[in-house]
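Undergrad: Take these sequences, add in the hints, and give me the full structure.
There are 2 protein chains.
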Amino acid sequence: MIKIVIDCYGGDNSPIVNIEGAIKAINELKDLSIVFVGKEDEINNSLKNLEYDKSRVEIINADEIISLNEPPVQAIRTKNNSSMVKAFDLLHKDDSVNAMVSIGSTGALLAGSIFKIGRIPGVKRPAFCPILPTMNKSIVAICDSGANVDCDSLNLHQFAIMGSLYLSCSFGKKNPKVALLNIGVEEEKGDMLRKETYPILKEDKSINFVGNMESRELLSGDFDLVVCDGFNGNVLIKSTEGACLEMLKLLKKTFYKSTKNKIGALFLKKDIYELKDFMDYRNYGGAPMLGIKKTVIKGHGSSTSTTVYNCIIQAYNMEKNHLIEQISTAINNSLNK
Amino acid sequence: MIKIVIDCYGGDNSPIVNIEGAIKAINELKDLSIVFVGKEDEINNSLKNLEYDKSRVEIINADEIISLNEPPVQAIRTKNNSSMVKAFDLLHKDDSVNAMVSIGSTGALLAGSIFKIGRIPGVKRPAFCPILPTMNKSIVAICDSGANVDCDSLNLHQFAIMGSLYLSCSFGKKNPKVALLNIGVEEEKGDMLRKETYPILKEDKSINFVGNMESRELLSGDFDLVVCDGFNGNVLIKSTEGACLEMLKLLKKTFYKSTKNKIGALFLKKDIYELKDFMDYRNYGGAPMLGIKKTVIKGHGSSTSTTVYNCIIQAYNMEKNHLIEQISTAINNSLNK
Chain A
5 MIKIVIDCYG
15 GDNSPIVNIE
25 GAIKAINELK
35 DLSIVFVGKE
45 DEINNSLKNL
55 EYDKSRVEII
65 NADEIISLNE
75 PPVQAIRTKN
85 NSSMVKAFDL
95 LHKDDSVNAM
105 VSIGSTGALL
115 AGSIFKIGRI
125 PGVKRPAFCP
135 ILPTMNKSIV
145 AICDSGANVD
155 CDSLNLHQFA
165 IMGSLYLSCS
175 FGKKNPKVAL
185 LNIGVEEEKG
195 DMLRKETYPI
205 LKEDKSINFV
215 GNMESRELLS
225 GDFDLVVCDG
235 FNGNVLIKST
245 EGACLEMLKL
255 LKKTFYKSTK
265 NKIGALFLKK
275 DIYELKDFMD
285 YRNYGGAPML
295 GIKKTVIKGH
305 GSSTSTTVYN
315 CIIQAYNMEK
325 NHLIEQISTA
335 INNSLNK
Chain B
5 MIKIVIDCYG
15 GDNSPIVNIE
25 GAIKAINELK
35 DLSIVFVGKE
45 DEINNSLKNL
55 EYDKSRVEII
65 NADEIISLNE
75 PPVQAIRTKN
85 NSSMVKAFDL
95 LHKDDSVNAM
105 VSIGSTGALL
115 AGSIFKIGRI
125 PGVKRPAFCP
135 ILPTMNKSIV
145 AICDSGANVD
155 CDSLNLHQFA
165 IMGSLYLSCS
175 FGKKNPKVAL
185 LNIGVEEEKG
195 DMLRKETYPI
205 LKEDKSINFV
215 GNMESRELLS
225 GDFDLVVCDG
235 FNGNVLIKST
245 EGACLEMLKL
255 LKKTFYKSTK
265 NKIGALFLKK
275 DIYELKDFMD
285 YRNYGGAPML
295 GIKKTVIKGH
305 GSSTSTTVYN
315 CIIQAYNMEK
325 NHLIEQISTA
335 INNSLNK
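Residue numbers (the numbering used here), protein chains in the order written: chain A, 5 to 341; chain B, 5 to 341.
Please note that a few of the clues may not be correct.
To be verified - Anything over 12 Å on all C-beta distances counts as not near chain A; from chain B, calculated:
1) 20
2) 210
3) 250
Said to hold, decoys possible - Derived DEER-like restraints, expressed as beta-carbon distance ranges:
4) 267/B with 226/A: 32 to 38 Å
5) 273/A with 140/B: 25 to 31 Å
6) 326/B with 75/A: 43 to 49 Å
7) 82/A with 207/B: 33 to 39 Å
8) 305/A with 209/B: 34 to 40 Å
If you are wondering where the hints come from, they were derived from the structure by calculation, not from laboratory data.
Where is the CB? At the ideal position from N, CA and C, for every residue including glycine.
TA: So, in structure tokens, the structure goes:
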């Protein structure tokens with residue numbers, strides 16, 4: 005049995021999307037059980053019209069919510085009755101609980117992962133590893149996307165190891181292609197950090213390092229994992245998302261510009277919606293916090309029930325395939341070389 | 005009279021686009037003269053069917069071309085008969101020559117700017133400052149976009165000063181809104197470099213610093229100048245361009261997917277072309293190398309004659325408005341504070 009604790013608050017549409025997403029997963033996977041943490045009345049209210057195996061669902065009451073505007077470290081340290089802190093406490097103390105999913109404050113989730121759960125021995129810095137859809141209908145993961153703004157080459161090397169194992173455990177990618185985010189493809193390109201990191205990644209035969217990647221290739225589908233410091237990872241993801249959203253807005257404007265255009269748009273409607281869906285990161289699950297002693301997945305604040313469902317499936321697969329143990333072994337092998 | 009030297013080689017469609025773009029500018033601006041540098045026969049051949057005031061056009065022969073694959077510093081130091089080196093030599097030695105436009109190797113142009121022309125006293129690092137179109141039909145400039153991969157806060161401060169003056173001299177932007185590229189909008193966000201730079205920009209009343217900008221806001225039109233190190237700047241621009249291009253590709257695929265879609269696309273054709281044109285950076289001129297003693301503009305390798313024309317107009321405006329002198333004064337004021 006895989007037991008996953010769900011922090012029911014913190015998202016734009018919480019707790020309803022958290023609950024619906026989890027129940028969908030419960031109904032699909034017979035060896036999954038769920039612990040909901042949050043306001044008991046509200047959770048019961050959301051559950052009452054849903055059908056599911058009640059023996060695999062528990063509720064733990066938590067009256068407080070950590071909001072997006074709170075200083076994260078302080079919130080984790082002081083809000084002991086919040087749904088997120090109570091979920092972390094359960095994950096930490098209860099050996100039967102395998103994983104946690106939250107769509108709340110990223111900063112608080114990062115702080116909680118480090119202070120409440122702790123790093124896998126040998127991991128210098130845990131990292132967020134979100135995924136984006138690519139043009140060949142595959143995915144690309146970015147590690148780190150913002151947990152660590154100042155990094156060294158050892159951090160980047162560990163991101164490459166952890167991200168590779170994540171892709172193989174969670175998505176069944178064999179031998180995922182790892183690229184170093186850089187400003188040119190040639191080996192000698194980049195700043196000091198990239199010049200130092202390149203030979204380390206090239207040397208490590210446990211990963212499938214394919215060289216530097218320029219940011220314009222992110223969505224090409226030629227790479228499975230992009231390794232970068234959290235500052236550049238954040239710039240990379242947000243500019244890609246931003247540009248796609250602005251393009252969709254422009255397209256919408258074009259469609260409504262004239263009667264002629266409106267007619268044209270009618271013909272295309274179905275496929276344009278598909279295009280929009282394809283670019284919507286809410287359809288692609290969440291970002292794991294890699295390098296932590298237990299599985300923690302962060303979904304986007306504007307997650308739908310499908311996003312939460314996908315986050316749970318990710319966590320379930322990571323546990324089924326023993327990602328934490330694999331990371332622990334690989335990191336220790338790499339440090340002992 | 006403003007005299008601009010054109011390196012006629014190095015672009016995908018050189019020398020024809022270089023020559024046609026320059027002649028268009030000559031025919032429009034009565035106080036502009038042009039010096040073409042490159043293979044004399046080919047240039048004369050391209051010119052023979054064009055109409056223009058011959059008294060304002062000179063040709064200097066150069067038999068060699070610096071290719072994109074050559075090590076830039078070595079090329080600048082050894083290829084004395086190349087069109088780029090000869091253009092630099094003329095710009096350096098001839099006081100009557102104000103500016104240079106090239107669509108050749110970026111690395112070679114950077115090396116040539118530094119070794120052949122030199123920095124304005126006080127400028128620690130020259131920077132590239134390209135522009136992108138925004139959603140409100142304005143532009144946004146990014147400084148630095150790749151000339152300096154490892155930067156300190158003084159570099160970033162100078163990029164803010166130089167970029168602001170460039171926008172006002174070349175595009176008539178009054179009091180341009182300057183943002184610091186960061187991973188959150190709050191003052192305390194970011195890595196060490198951003199935390200160090202923020203108060204310096206905030207303190208400097210000679211620029212209109214409006215705070216941090218997240219990369220997803222790049223095309224919003226809310227900012228005129230984005231200040232960043234060359235590594236982030238490169239990631240930012242290339243991921244934005246990459247995402248826009250991939251979206252256009254997907255759109256094209258959608259249009260051709262079925263007969264129904266093809267009919268719909270016919271109705272929209274004109275406006276979609278406009279959208280594509282709007283996103284095409286070749287319509288927006290080039291990137292100046294700011295902080296160099298003379299005006300140097302780099303156009304994209306795939307420049308059209310319109311791009312070259314726009315580059316020349318940029319250079320002309322910079323000279324008309326004495327950008328170099330303004331940068332020199334502002335940098336010295338800032339260092340003497």
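Undergrad: Does the structure break any of the earlier hints, and which numbers would those be?
TA: Structure breaks hint 3 only.
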